[in-house]
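A.B. asks: Take a look at the letters that make up each chain.
Number of protein chains: 4
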Amino acid sequence: MTNMDLGMTERLKPIHEKVSRMVREEIMPLDEEFHAEVGKNGDRWSYTARQTEILEGLKAKARERGLWNFWLTDSERGYGLSTVEYAYLAEEMGKAHLGAETFNCSAPDTGNMEVIERYGTETHKKEWLAPLLEGKIRSAYLMTEPDVASSDATNISMSCVRDGDDYVLNGEKWWSSGAGDPRCKIYIVMVKTSSDAPKHQQHSMIFVPADTPGITKLRAMKVYGDDDAPHGHLHLKFEDVRVPADNLILGEGRGFEIAQGRLGPGRIHHCMRAIGQAEMALEQMCKRAMRREAFGKPLAQLGANYDIIAECRMEIEMARLLCLKAAWMMDQGDPRAAAPWISQIKVVAPRVALKVTDEAIQMFGGQGISQDTRLARSWTHLRTLRLADGPDAVHRRQVARVELKKYTQEKV
Amino acid sequence: MTNMDLGMTERLKPIHEKVSRMVREEIMPLDEEFHAEVGKNGDRWSYTARQTEILEGLKAKARERGLWNFWLTDSERGYGLSTVEYAYLAEEMGKAHLGAETFNCSAPDTGNMEVIERYGTETHKKEWLAPLLEGKIRSAYLMTEPDVASSDATNISMSCVRDGDDYVLNGEKWWSSGAGDPRCKIYIVMVKTSSDAPKHQQHSMIFVPADTPGITKLRAMKVYGDDDAPHGHLHLKFEDVRVPADNLILGEGRGFEIAQGRLGPGRIHHCMRAIGQAEMALEQMCKRAMRREAFGKPLAQLGANYDIIAECRMEIEMARLLCLKAAWMMDQGDPRAAAPWISQIKVVAPRVALKVTDEAIQMFGGQGISQDTRLARSWTHLRTLRLADGPDAVHRRQVARVELKKYTQEKV
Amino acid sequence: MTNMDLGMTERLKPIHEKVSRMVREEIMPLDEEFHAEVGKNGDRWSYTARQTEILEGLKAKARERGLWNFWLTDSERGYGLSTVEYAYLAEEMGKAHLGAETFNCSAPDTGNMEVIERYGTETHKKEWLAPLLEGKIRSAYLMTEPDVASSDATNISMSCVRDGDDYVLNGEKWWSSGAGDPRCKIYIVMVKTSSDAPKHQQHSMIFVPADTPGITKLRAMKVYGDDDAPHGHLHLKFEDVRVPADNLILGEGRGFEIAQGRLGPGRIHHCMRAIGQAEMALEQMCKRAMRREAFGKPLAQLGANYDIIAECRMEIEMARLLCLKAAWMMDQGDPRAAAPWISQIKVVAPRVALKVTDEAIQMFGGQGISQDTRLARSWTHLRTLRLADGPDAVHRRQVARVELKKYTQEKV
Amino acid sequence: MTNMDLGMTERLKPIHEKVSRMVREEIMPLDEEFHAEVGKNGDRWSYTARQTEILEGLKAKARERGLWNFWLTDSERGYGLSTVEYAYLAEEMGKAHLGAETFNCSAPDTGNMEVIERYGTETHKKEWLAPLLEGKIRSAYLMTEPDVASSDATNISMSCVRDGDDYVLNGEKWWSSGAGDPRCKIYIVMVKTSSDAPKHQQHSMIFVPADTPGITKLRAMKVYGDDDAPHGHLHLKFEDVRVPADNLILGEGRGFEIAQGRLGPGRIHHCMRAIGQAEMALEQMCKRAMRREAFGKPLAQLGANYDIIAECRMEIEMARLLCLKAAWMMDQGDPRAAAPWISQIKVVAPRVALKVTDEAIQMFGGQGISQDTRLARSWTHLRTLRLADGPDAVHRRQVARVELKKYTQEKV
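Protein chains in written order, with the UniProt record's numbering: chain U, 1 to 412; chain R, 1 to 412; chain V, 1 to 412; chain P, 1 to 412.
Careful: at least some of the hints might be erroneous.
Chain copies aren't distinguished; within one or between two, either way the pair holds.
[Said to hold, decoys possible] In silico BS3-like links for lysine-lysine, alpha-carbon gap of 27 Å or less:
1) K40 <-> K222
2) K217 <-> K40
3) K355 <-> K297
4) K199 <-> K61
These aren't lab readings, by the way, just hints derived from the structure by calculation.
One chain only, chain U, in its complex shape (with noise of 0.2 Å):
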């Protein structure tokens, strides 16, 4: 692909028509009963028997119908979307709770079956790989840590030590979304295998299956009091938990290469889906503010509500449309001259969707702040968006560095 072509392509329309529909028509309608029934059966960390049917029940029918495993690039088995033709897919199911995982598109899922696919042994495939293509396990990535700041991921100090055939692993991490729910088997953990290496060859990424024993779960990290359940964001504790040697993903050292990889598309799907929670945040506004009434008028006639809304629209376009070009440069096969564009939409795309919601919560009122709309969880998503993957800080550093970076070579 020699030009930009930052729009939707011919084979895709008719998808994303499926996907954009089953979403609206199919989905949306349940997230809310799912919401309601956590812990119906007096544990948050189980699934009721109507989660389960409403769950099953949507992937069944996103399979049935061939939407399914979207994120499979360039492959076979997949539909082999470009980067830009999958944004338009994320951006449509982020606007449900339950729309990634419809249609197995859920992180970290996608970025964990392209590590199992890439760099795991047949039987890894075997074991992990394959229940997760058929959505029957789930998995988790561990990451983050509760005594350093994992902004500065050389900080990750869990230990893993070879010891013959196994290597043991000790240590915590918090933060590991989707280690709550029942169904996920298999976690992929970043660790220290090194103090001596260089300072970006000590990590290693290693595959732990969830129960393994030694790992305890310590309890649910909460966002904004919200524990989740039964996706959940655990604190866990690894103590002497030991695995087979050849779990350790591509050798010593080579942590943050598998990291780097791993990360790029997963945040242009984050950033899109965060896209679409804010176009379904500006609808409901413009709905309300046509519907509602005060001082004997709309509210949309009222103060700076047009001013609000048209602001709305122009930051999502924009935000869109530099999602896509990011996609668009990972499309170009040169992850490193991606980064920049990565990192400008990682701080850009949930800012906006932030700021789109926090303004539809404001026209909603008290209702806006409740469990009666999506408005306020989806907040609250959008919020950790700031921080997961790295802080908008440390990406704005990134994006200045490349600036900069130009005018040192000039100088040469």
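Since chain U is already given, all that's left is putting chains R, V and P on it; use the hints.
C.D. replies: Just chains R, V and P now, kept in the frame of chain U:
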């Protein structure tokens, strides 16, 4: 008082010192434990023994020390503090979740007590004011309704019809803050008593005991997913709720008159507590910035963090001064002149506190959005203040109207 | 074109390269000298010999190289560039003060030439279009008036009355950009021809030669103190200005119809030139940040400067993409569908460029506000764009109306 | 004064009333005429007869009325106003271009006079202080230099070498404000007297008469294109400029000590004048919003204009209170404690005034950026304040350092 003295008076200083120290040394350390107890007895809407012990213990200590009912202005029974003086104490109380209640200065009790004192009969005072002053019971203020835009309070629609010696109420109220508390015994309710009277004389306020037959607790409204149990913001249904006619306050059609008198000081208290929350957030942000390291340096020395801290300091100072000025205006005895100042702080103080808290959250990373600091909870509470007692837009409108009026008169 | 290709086409690349290089290597170095010449001959409203030499020299070179009249879209005489393609060139031209004129692509000439080409008689074309295409004369577009809010163009009041074979014009116009230039020979004037017709059919456009008797140049409007001589934004008085009846364009009452067609592309050009100005400002900011030292470090490493640079980069990228999208919409052949996109960029592009330029100025310190860089002049020019062709508020209103309309239709 | 009284004192009220009225009724109406006279006699750097008549006429009136030299604090010769009291007057003076000078309270004269009074010999006082106090001559303060980042004042490099009974100065200064005025007779110059001393003891201040041989006026720096004649911000060259040794103030190496004492009050005055400019801008904005119509309504009733006006009012109130607090801190007698407050207002007051003025400009449309209102000129002047006496970034840094220091001490 002819001078615009916005500082602490000599008489206030020792009181302020005691309150400040008690908040920091005795109340704050118990906040988290109090929260963690919620629901441990299987019922989120009752107090556990430990919660009662914590809360009553703090209250007893405060009362023993004479740190009680500060809000009683110009009264024989209270300190007779000015609004400015009280404001400084409210800031301190705002720093801990249990701060205000420890000193029997919680919303909505303070405003409700003032209403009972001014307009209640001797019976009302004996039954409700006395135990409220003692901190034995609590109260709620029922204003907003799910079906109308309460930002325009003339929309309030709960019917209240005279029937013999009684009034009979029908309708729904939500965001009835504190109505979840088992100690909440009395509601002050905004109702519509006429459709024919001039627009601002169709509404009335009435006392309704919480246990009056016909009141159903439909559900607790959640704030970004948090039900705020056992305090709670309830959605209530009134079906043929019958109370004695002399429960109607001041007479039919005087609801807005009472609301205006009631809300002014309450808004100042809210705003100063928000300033207290902002100060706590800034303190935590600074400590974090100095202790946490990344990329080989304390966070403080990275990127824009100095600028962020400075901006937070400046915005807090300005917002506090504006609150103190509004309090001083209130003390001048002309509520109408004070009104636009109160509208100003109602917009400014929550906004600043939200911003500072959000920056603190960002400095803390994942921990900031979690249950491990008070920041996330503080943020969601502050967010409600942009809606409670009138959304920002309504207050901005008031400020602008006063501003423009200056030049209308000039034209004549 | 069915794909949304926002990149440079293959045919554009060599042209873009030539334009970009000429701007940077030949035009920019002469900008300051050109400015410094103003008034050296004792008359700010004529060209000095050196100014003529600079400007005509550049134009001759550009023309020789075939870099001329790029704006002529889909024409036999021009390149037939799409709006997207032209947009990339406009960005480059925006980087130098004399950029657009060098390539005979200045406002308001491009828009005016289109009007003459589409609606002019053969005589008009011979007299005005031919020399405009040659870069021999210049033109102005007279729209706004001192006594009415021109943001609502239906307020335009200059009278234009049929009298025999002529029309007779009376009234005042201001902000007649370019009317100060001695080479400016023809005005296109918005006038009111009827008070009875429907609101948007009361106005007309008419050709008025600059030397028609009855026109007085009252004064030059200053932009933040700068008269922008010899170009100039004049305040003109029309007293019984008489022109042949067939100078009236398209017929009475069709003024808005022509204005709409005329302004769309012009706004895109303005916006892309603004992006070019922003790019130049960012480049200068970065270079300054690396070369200038304070407190023992390059400015780049101090405080929030990395963050500032990153934010500027991100905002420029987003604004550019939005402009390209608007240009692409324009290329789709449905101006009505493109209109809200043009409104969006009309708000966004000047805002971003102003912000970036202001940050660059701040990075330069005192030098930034002075005549020693192009930043201050660039800023004041950009500031006019928030008002010219409709103030921000009007464009935001348009964007919001389109947004809300989506849901009005849904209701039916 | 133990109380934090930020209001007007009784003694100030009648003075304030007189100053306020004189500014509005006598000075403001002459501002535009004064500006329009610049250069009418063929020399922008001398006063026309009419300019002298306007300025001296106003000064004579002010002096007759005893409204003169208000800045003389705690002095027998002056009013002995506190900084808070003076601040209220500075706000009024800021509303007119000739406001401060009319009352002999202009920058940089007030600061310079304080320096001469405190540190000058009797000869210095006789020669310069006396006529300055009379308003007969003016002065300049020469600090920044073109070749170094003056934000870090330790970079100041003008050499000053002892040679017998003289000092000999060499180097360049720019932004020498007021040095264009033919009445400007004395410069206070920051020079470098040592390269060996500790960093903050290498600089000194020295009196240099404006007519000393060796000083060349290279050019006038322009502010967004305006040379601010006849006041002027000059770029000066010093070549072997020789002055008597006792012109060196306080002794070698004490330049920073003097600068600190000199700048504090000056910054407060600048900030309060900025508040005055903001008030004028808001007043003009409101009047415009009510008188100008578009789309059938006064502008005030369109779009976000109520919100814009309200935000401006709130920001002005907060900024003014912060300035008054800083002034009050200054009055407490501990400049070191006052310093971070002055840094705060140095960031805040120009920012708020710029914002309000920019909104006013936008409300006025084309007229706002033109010479027809005082807004554009006011804006460019305000913009210089974000750089003069230290750029925002430096002041934010100071505020943050004080903030963080609180917790460093705690750690010990």
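A.B. asks: Against this structure, judge whether each hint is valid.
C.D. replies: So, going through the hints one by one against the coordinates:
no.: 1; hint: K40 <-> K222; verdict: both (19 Å within a copy, 17 Å between copies)
no.: 2; hint: K217 <-> K40; verdict: both (22 Å within a copy, 20 Å between copies)
no.: 3; hint: K355 <-> K297; verdict: within (25 Å within a copy, 31 Å between copies)
no.: 4; hint: K199 <-> K61; verdict: neither (48 Å within a copy, 55 Å between copies)
Hint violations for this structure: number 4 only, all remaining hints satisfied.
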